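Enquirer: With the hints as constraints, model all of the structure from the sequences given.
Keeping their order, the protein sequence lines are chains L and V. As numbered in the numbering used here, residues 1 to 116 make up the first sequence, in order. As numbered in the numbering used here, residues 1 to 453 make up the second sequence, in order.
Hints are not guaranteed to be accurate.
[Claimed, not checked] 25 Å max Cα-Cα, derived BS3-like pairs, lysine-lysine:
| id | chain 1 | residue 1 | chain 2 | residue 2 |
| --- | --- | --- | --- | --- |
| 1 | V | K227 | V | K316 |
| 2 | L | K21 | V | K316 |
| 3 | L | K95 | V | K227 |
[Claimed, not checked] Quick look at which bits of chain V chain L covers, simulated, 3 or more residues with Cβ under 8 Å:
| id | segment |
| --- | --- |
| 4 | 259-269 |
| 5 | 365-375 |
| 6 | 397-403 |
Don't read these hints as lab results, they were simulated from the structure. Computed from a predicted structure; not experimentally measured. Where a beta carbon is used, it is the ideal one built from N, C-alpha and C, also for glycine.
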Amino acid sequence: MIDAISNVPLHRIAHGRTGDKGDIANISVIAYRPEFFPLLVEQVTEQRVREVLCHRAPQTITRYLLPNLGALNFVLQGALDGGVNDSLNLDTHGKTLAFLLLGMEVRLPSNLARTL
Amino acid sequence: MPRATSQTLAIGCAAGFGGDRTDSALPIVQSMIARGGPAVLIFEMLAERTLALAQLERLRNPQSGFAPLMEPMVRPILRQCLEHGIPIVSNFGAANPRAAGRRIYQMAESLGVANPRVAVVEGDDLSDSRGRELLRGYLMPADAARELVSANVYLGASAIAAALRGGAQVVVTGRVADPSLTVGPAMAHFGWLESDWGTLGRATIAGHLLECGAQVTGGYFADPGYKDVPDLHMVGFPIAEIRPEGSCVITKADSTGGIVDCRTVKEQLLYELHDPAAYLTPDVVADISEAQVKQIGPNRVAVSGVRGHPRPQTLKATVCFVGGWLGEGEISYAGPGAEARARLAARIIRQRVADRLSVRFDLIGLLSVFGDDGGRALDQLPPGDARDVRLRVAAAHVDRERVENLMREVTALYTCGPAGGGGIRTAITARLNSVSCLVPRELAPATFTILEP
Numbered sequence: 001m002i003d004a005i006s007n008v009p010l011h012r013i014a015h016g017r018t019g020d021k022g023d024i025a026n027i028s029v030i031a032y033r034p035e036f037f038p039l040l041v042e043q044v045t046e047q048r049v050r051e052v053l054c055h056r057a058p059q060t061i062t063r064y065l066l067p068n069l070g071a072l073n074f075v076l077q078g079a080l081d082g083g084v085n086d087s088l089n090l091d092t093h094g095k096t097l098a099f100l101l102l103g104m105e106v107r108l109p110s111n112l113a114r115t116l
Numbered sequence: 001m002p003r004a005t006s007q008t009l010a011i012g013c014a015a016g017f018g019g020d021r022t023d024s025a026l027p028i029v030q031s032m033i034a035r036g037g038p039a040v041l042i043f044e045m046l047a048e049r050t051l052a053l054a055q056l057e058r059l060r061n062p063q064s065g066f067a068p069l070m071e072p073m074v075r076p077i078l079r080q081c082l083e084h085g086i087p088i089v090s091n092f093g094a095a096n097p098r099a100a101g102r103r104i105y106q107m108a109e110s111l112g113v114a115n116p117r118v119a120v121v122e123g124d125d126l127s128d129s130r131g132r133e134l135l136r137g138y139l140m141p142a143d144a145a146r147e148l149v150s151a152n153v154y155l156g157a158s159a160i161a162a163a164l165r166g167g168a169q170v171v172v173t174g175r176v177a178d179p180s181l182t183v184g185p186a187m188a189h190f191g192w193l194e195s196d197w198g199t200l201g202r203a204t205i206a207g208h209l210l211e212c213g214a215q216v217t218g219g220y221f222a223d224p225g226y227k228d229v230p231d232l233h234m235v236g237f238p239i240a241e242i243r244p245e246g247s248c249v250i251t252k253a254d255s256t257g258g259i260v261d262c263r264t265v266k267e268q269l270l271y272e273l274h275d276p277a278a279y280l281t282p283d284v285v286a287d288i289s290e291a292q293v294k295q296i297g298p299n300r301v302a303v304s305g306v307r308g309h310p311r312p313q314t315l316k317a318t319v320c321f322v323g324g325w326l327g328e329g330e331i332s333y334a335g336p337g338a339e340a341r342a343r344l345a346a347r348i349i350r351q352r353v354a355d356r357l358s359v360r361f362d363l364i365g366l367l368s369v370f371g372d373d374g375g376r377a378l379d380q381l382p383p384g385d386a387r388d389v390r391l392r393v394a395a396a397h398v399d400r401e402r403v404e405n406l407m408r409e410v411t412a413l414y415t416c417g418p419a420g421g422g423g424i425r426t427a428i429t430a431r432l433n434s435v436s437c438l439v440p441r442e443l444a445p446a447t448f449t450i451l452e453p
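Expert: Encoded structure:
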């Protein structure tokens, strides 16, 4: 029998942090449990991240996989409106962006969703 | 508490940026003394822009230009460190390592320690005429012609190690790569070569984990209900136990709050990292693509699987320029219709200045930091009924008068804007722009000097 699917915020199954260097942001997405990592690989794709961050208009988005850590690392070129010296944003570093990404929805098999 | 073996070098980090807490060092120093074994204390205090601000300060007063918090950071632990043979290594020299070193020398003498051996590392500053000439060949022509505030190359660990091998008890640097503050003392202690790539790669990652202070021990981590951190109000700062082959165990100061677990270490491992296989520093190219973390005790996490590849042939230089003016103005609206009134205020400002300035608007409480300077996200936000909204108006321009005019328009919202606006604040600050370039490493050699009495 195929298990039903639940939509949950990424925030329920992963944590992360933003870093910045110039106009480049990186956002880590780290699975809370090893069994969540394949779901991150499958669903938190460069394309999905581009949709979530489309208004920031990054020139490129590159995803790196770190299976030993159960983590993804996204590198976003040109996502910070020029970065710490040039942006008009209150958060010139883009430090808050990890939580924008953690707000996206992921689909979880209900048997896993029940364990949250 | 587990006792460090003589096989490890303990390196504690008491600051992760120039504005960090000044009471973090004492618990680290006390813990390292209690645990026994060789130990080093580092402070990382220089963000990308901090050095340019320090350079401006030095122009105003030739005896200043180092980290403003250096003295309150160092004074509480200086005597103990000198007496217990714990070297202090820090980039708090900023734009003036020599003046900072001299100040520490005086501080030590005032605390009753005669003739402290204080070393200064130099060679990073390229803002003099020789440095500018050098940079001309590596900057874009348009940048090379601009008014420069500061120019610094990121030095590596070697000069720090040499200073320590030369007997320094305190090593004061300007711009060095943050992990080099850790790699330098470890190189000196274990006698590593500059070409021990694997070892340097592992130690660089230890330094990377330390360099933001409490960010690896539960600071910048708490998310109530998901990631809870005990006693965050007294978070302990990190201590790395470095092994002879460069790998490390991350711990923290005793009798403090915070937490060291696999989650805190993973978040910091990936912080400000791009390609995990190529973390570039002046010392080595570190590679964490196969790294592993393992909890081996309470607040003890071992990091393994890090590799290292030969260092780049170039050094990164960051050059800061005068960058015009940033104006920021805010006004609050609350109660019925607050959002509509805040949006109307934004439209008024746009109509008054749109032809002269590119202005960013935020509706704080609805959409602010997630938005973009172009206003795409705000344009797509459907009108709602938020009841406590703070309008923020921001613009930057080289012409200060235009920015001042915008701020006056915000202030005029009191009497000319929508009903019930309050709490106006405006501020104009000087901006700095920066660019980075790569220079051949042989053109920017690092040196150290032990200060004479």
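Enquirer: Are the hints correct? Go through all of them and say.
Expert: Evaluated hints:
With a C-alpha separation of about 36 Å, the suggested pair V:K227 and V:K316 falls outside the 25 Å cut-off, and the hint is violated. Between L:K21 and V:K316 the alpha-carbon distance is near 13 Å, which keeps this suggested pair within the 25 Å criterion. Distance restraint check for L:K95 and V:K227: the Cα-Cα separation of roughly 18 Å lies within the 25 Å cut-off, and the hinted pair is therefore satisfied. Counting residues of the segment 259-269 of chain V whose beta-carbon sits less than 8 Å from any beta-carbon of chain L gives 5, enough to reach three: the coverage restraint holds.
For the segment 365-375 of chain V, the assignment as covered by chain L holds, since 7 residues bring a beta-carbon within under 8 Å of that chain's beta-carbons and 3 suffice. Coverage of the segment 397-403 of chain V by chain L is violated in this model, with 0 residues showing a Cβ closer than 8 Å to a Cβ of that chain against a need of three.
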